[in-house]
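Taken in order, these protein sequences are the chains called A and B.
According to the numbering used here, the residues represented by the first sequence are 1 to 393, in order.
According to the numbering used here, the residues represented by the second sequence are 1 to 276, in order.
Don't take each hint at face value.
Stated by the list, open to error - Distance ranges between label pairs, derived from CB positions:
#	chain 1	residue 1	chain 2	residue 2	range
1	A	393	B	172	21 to 29 Å
2	B	221	A	262	20 to 28 Å
3	A	271	B	166	21 to 29 Å
4	B	215	A	206	49 to 57 Å
5	A	226	B	172	36 to 44 Å
6	B	68	A	348	31 to 39 Å
7	A	262	B	11	42 to 50 Å
8	B	221	A	301	33 to 41 Å
9	A	304	B	172	34 to 42 Å
10	A	369	B	215	56 to 64 Å
11	A	271	B	68	23 to 31 Å
12	B	252	A	262	34 to 42 Å
13	B	147	A	287	48 to 56 Å
What the hints assert, rightly or not - Derived DSS-like pairs (lysine-lysine); straight-line CA-CA distance at most 27 Å:
#	chain 1	residue 1	chain 2	residue 2
14	A	197	B	125
15	A	35	B	56
16	A	236	B	68
17	A	271	B	125
18	A	231	B	68
19	A	194	B	125
20	B	30	A	24
21	B	64	A	197
To be verified - In silico contact screen, one side only, chain A against chain B (beta carbon under 7 Å); selected entries:
#	residue
22	22
23	25
24	46
25	54
26	186
Calculated directly from the structure, the hints in this document are not laboratory data.
A virtual CB, placed ideally from N, CA and C, is assigned to each residue, including glycine.
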Amino acid sequence: MIKRVIFTDFFFLLRERQIPVSIKEYMSLIEALDKGLITTPVEFYYIARALLVKDEKFFDLYDQAYLHYFEDAELPPLLSDELMEWLDKPVEQLKKIIPDWMRHYFSEEDLEDLKERFYEMLRRQKEEHNGGSQFIGTNGMSPFGHGGQYPDGIRVGGTGGLKMAAKIAHRRHFRNYREDRVIDTRTFKVALKKLRKLNRIGLEDELDLDETIDKTCKNLGDIELVFRKRKKNNIKLLLLMDVGGSMDPHAALLSRLFSAAHGASHFKDFKYYYFHNCVYGYLYKDIEREERIPTGDVLKKLDSDYKVIIVGDADMAPSELVATYGSIQIGDETYTPGIVWLKRIEDHFKKCVWLNPDMFVDYKGYTRQTIEKVFPSFRLTIEGLEEAIQELL
Amino acid sequence: MEAFNKFHGSKDYIASPALQNIVNVSIALKRPLLVKGEPGTGKTLLAHSIAEALDKRLIVWNIKSTTKAVDGCYQYDTIQRLNDSRFGTEQRDVNNVEDYIKLGQLGEAFESDEQVVLLIDEIDKADIEFPNDLLQELDIMEFYIPELHKTIKAKHRPIVIITSNNEKELPDAFLRRCVFHFIDFPDDQLMADIVHVHYPNLKDNILKSVLEQFYKVRGYDQLRKKPSTSELIDWIGVLLKAGISEKEIKQKFPFIGTLVKKEQDLQYLSKYKGIS
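Okay, chain B solo, but in the shape it has when bound (with noise of 0.2 Å):
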């Protein structure tokens, strides 16, 4: 077996022997990693606890609906050119071509000196060709600057993490490649331990009944959007601000606002479950 750090999720991020499997083996297969799973699941962390657990650098690729893939790779300024033509300028050199080249975040990636952990987040927000568009990019790990009549090759292959909240469906060539992880909502054995990373104090019987609350809201299937860990975060935060006791917790759902958001869920649990 060859040999490479391994991930076992880092101190603030807790992830299954199921995710730290998968994890390592997109590493050794040389395999982007695509994560799927509801907001809040906590996709982004991922790459970044990666890149921490592995003491890597991380480069943050945010795609939007008008990112095309090329951003990516490298953005050549031509205003800028111009305007140091007319003007003159003494930090870059007009007659090279390659002063006016930006490199874009993949480009960035390839170009660094160690390898990199490369987060391509929310991936289905831009056109749907675009995962296609990436495809010889992220196999071959090398793309092509025409102005500079150059390649540019990774030097150290980055460990790429993309991250999907499926808005589009992705194409089938571009899955194929991909190592897939579907980050299904956290247990509430899991949930008490995410709970006790960011409140390391919270008393076992106010954690126990939150977290059943909690859970009760989420059974609701008629929910338009179901309350996600971060809800619950932001929840009990504001139940300890609050001083609310455990009792209180049982009986009645203080702070409701807080872990559900849409105006006809509210209304949807105060009629028919009693709960406001």
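Just chain A, same shape as in the assembly (with noise of 0.2 Å):
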């Protein structure tokens, strides 16, 4: 029998452990606990579950509160899912996701020996690690954990911040269900939403109640019923992204917004391209760049009308935004460089905006500020989208 106990530290334990739990729902168990409703841990279990966690992807995270909570299970930090992916990649591939910017502090330590090391150490880690100069944590001097002080290290957890997400690593029964990005993708598409203009279009199958009524009496009271066309969102999207490279630690963002995207039905139409730092002679309908299709093409097909959103960090070498042959990418060189084909897509639409995933935003190279002459550019953030929306509005 579980006794009347607030279990308010297990409310916060759940919030530490990101799982969006509001105090509403916290009431909400109370409210059972105090009705007689659970009676046994079991029943605590699954209740506690059904009204605090609210998506299956946490319940995950919410298996380990538990079990921290109840029975006193450690709560190992470990890695993110992303890190184990790339611990999985080949030495060569590992190589190539590291940020340009990144590649030029690279000192020359071998990747495999690293990798080795750092298995290593989570072995002999048992407990969570700030400081220091060897263990995998935050703050430190090993190459290993991340807002550190060791240049070429791997980098474990925080997107940005010193927070350690920690996780487990064993296998658990929801992990697979486990998604830490999509609830972004709702913000997106609300955001997206807002992307519109209701024309009247297609079959007049509405009923114009004021003119049906208008045209009555005109006709002495008999009934002529108007119909009239239902407004419809009138606005074609074009997206064209830029991945791989630099653009790589952007990846999960951009594809929260390309999700978003597609998933929002309330477009004429939506067509997406990607291409590789700047766009030349090619778009590429996959993220792998290999089937592709002429830019003039894409030019000829789709009327000035489309709304356009280019993304990218707009990070590149200067020879590869104004130079002959500039791209560098094998088969992507024209003769014209890339500005000009940059141009060729601002002055074909009528609308384009670029949204820039980097978040460094008091250095601008050379590039930027050149691409930035040309479209009206924003940061791919929520308050970004939104005024890059009334700037293509």
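Combine both chains into one complex, guided by the hints.
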């Protein structure tokens, strides 16, 4: 029999483990306890979960927290899934996904060796670790962890701040349902919803009441029904995305925006293409950049009413932007420099914006300055997207 | 503890103890129960089963992409009224706007003289704002009809079951008000019980080998569409009709097309797993 305890620390533990639990939900747990609906620990497990956790992707985190709270299980600070994936990749690939700006500092420490030492340390490390020079944690000098001073180490967890999101690495039941990023897709989607212009288009299948009354009166009471077209969103969207290289750290953010745009059903048409660093003679249909279509064809096929959102960090070697044959991608070089292609896009479409996921706002390199002269530029955040949508309308 | 009829599953629906608990808690706390899960895990059936077990009427509101929240409350039939005003009618009074207001499923559930079970099926099919538009109605269980200057208030708070296939994310404000249950795919034990409901006379050895094969196929993560309960039930039906023996089921996959329906998945199975 569970006594009437107020599980406030359990509530805070869940929040600490980044499960979005609100006070309202916590209060309903209290209500359930108060009404005597929970009589055994097993019931507590299921009912508290049903009342507090509203998405199966958090069930796994809930399991951890539950075990920790009731059975004193350890909450080991472990790897993010993303990192695990990185570590599964061969060293050659690992090298490629290191951002360009980091490569600059990269000494020739053998990545294979780094990986080995990382695993070794994981085995030895027992508790969360902050500071110090050997173990994985934050703010230290070992090559592992983040927020530290070791220039060419492996980053563990944390997406910008110094907070370490410790995660368990054991395979647990709900692990497959976990997805740490979907929530934001909705936020993007709601923002994209504002990108609409309602026009009356399509079949005349909506009753125009005012007009019907008017016509009927003029008809001396003989009913004359007047129908009109429905209001529909007339906006067509073209999304061009920079992928690969320095964009890799932003891949998750980009995929959120993409799935939001893709899932939004209110556009009249939605087209998307990929490019690498800058647009040249071809746009790519897939993220691997295998299937391509001439940029000129896209400009011919899509009329100037398409609203264009280009996402990229606008960060590249100046030659990639302004030199002839400037592309670093083999087969993509054209005599026409990238900046001219960008200008052609800007000329063809009435409204274009550039969204930049890069957070270093203070420093703008030459290429970024140049591109921002061509396109109205915004940061890839919810606020930035909303401003960009204002610009597009 | 407040007394209320408890849900323990019904004769053709097997509910795990956890699910029974959660259903009862949502009834006791008067919160809508949001049920998510793979297709074929019996989300919709749950509402039917609750209605049957508690002996209450079930009102089903099927959500489509064009459904609006107000549709569930009421509809005002302007055209009928215009028509009646011109040509006259015996059945309705043109001067009385009430005759032209038709309650939707939500309105019907509120107006019912006894408590009903209201199933809002596949809420994620509707527009992204739809759940938010329903918050008020589900929270205080009433809505206002401007044409009548009248508020429809629930006589008996309906038991609300909402299902979602996870096509769209639901808004937080909406989620906070619900009790949430994720129907996990049944394990072999529960699945055996489920199959028994459909085929009470199925022999144990056949059932065992069928389930073995079924979970083997489900274990391949590369499949685009894993077979679900309904496919299993169909498959067993076909196997029984064709009189296939236990040995044959174990050695190969007869009628695999009943179980796996995507062309790419069938190709994958035959190419990499030697199943065809």
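Going through the hints against the structure:
1. 393/A x 172/B: 21 to 29 Å: 27 Å, holds
2. 221/B x 262/A: 20 to 28 Å: 23 Å, holds
3. 271/A x 166/B: 21 to 29 Å: 26 Å, holds
4. 215/B x 206/A: 49 to 57 Å: About 51 Å separates the Cβ atoms of residue 215/B and residue 206/A, which means 49 to 57 Å holds.
5. 226/A x 172/B: 36 to 44 Å: Since the Cβ atoms of residue 226/A and residue 172/B sit about 42 Å apart, the hinted range of 36 to 44 Å holds.
6. 68/B x 348/A: 31 to 39 Å: 38 Å, holds
7. 262/A x 11/B: 42 to 50 Å: At roughly 44 Å between Cβ atoms, residue 11/B and residue 262/A fall inside 42 to 50 Å, so the hint holds.
8. 221/B x 301/A: 33 to 41 Å: Distance hint for residue 221/B, residue 301/A holds at roughly 38 Å.
9. 304/A x 172/B: 34 to 42 Å: Holds - the Cβ-Cβ distance for residue 304/A and residue 172/B, about 39 Å, lies within 34 to 42 Å.
10. 369/A x 215/B: 56 to 64 Å: 59 Å, holds
11. 271/A x 68/B: 23 to 31 Å: Given range 23 to 31 Å: holds, Cβ gap about 29 Å.
12. 252/B x 262/A: 34 to 42 Å: Roughly 40 Å apart at Cβ, these two residues keep to the hinted range, so it holds.
13. 147/B x 287/A: 48 to 56 Å: 52 Å, holds
14. 197/A x 125/B: The given pair, whose Cα atoms are some 23 Å apart, holds under the 27 Å limit.
15. 35/A x 56/B: 24 Å, holds
16. 236/A x 68/B: At roughly 24 Å apart (the allowed maximum being 27 Å), residue 68/B and residue 236/A satisfy the hint.
17. 271/A x 125/B: 23 Å, holds
18. 231/A x 68/B: The given pair, whose Cα atoms are some 15 Å apart, holds under the 27 Å limit.
19. 194/A x 125/B: Status holds; Cα separation ~20 Å.
20. 30/B x 24/A: 14 Å, holds
21. 64/B x 197/A: Cα-Cα ~23 Å, so holds.
22. 22: Holds. Min distance 5 Å.
23. 25: Nearest chain B Cβ about 6 Å off; hint holds.
24. 46: 4 Å, holds
25. 54: Where the cut-off is 7 Å and the nearest Cβ of chain B is about 4 Å from residue 54/A, the hint holds.
26. 186: 4 Å, holds
Hint check: no violations occur; every hint is consistent with the structure.
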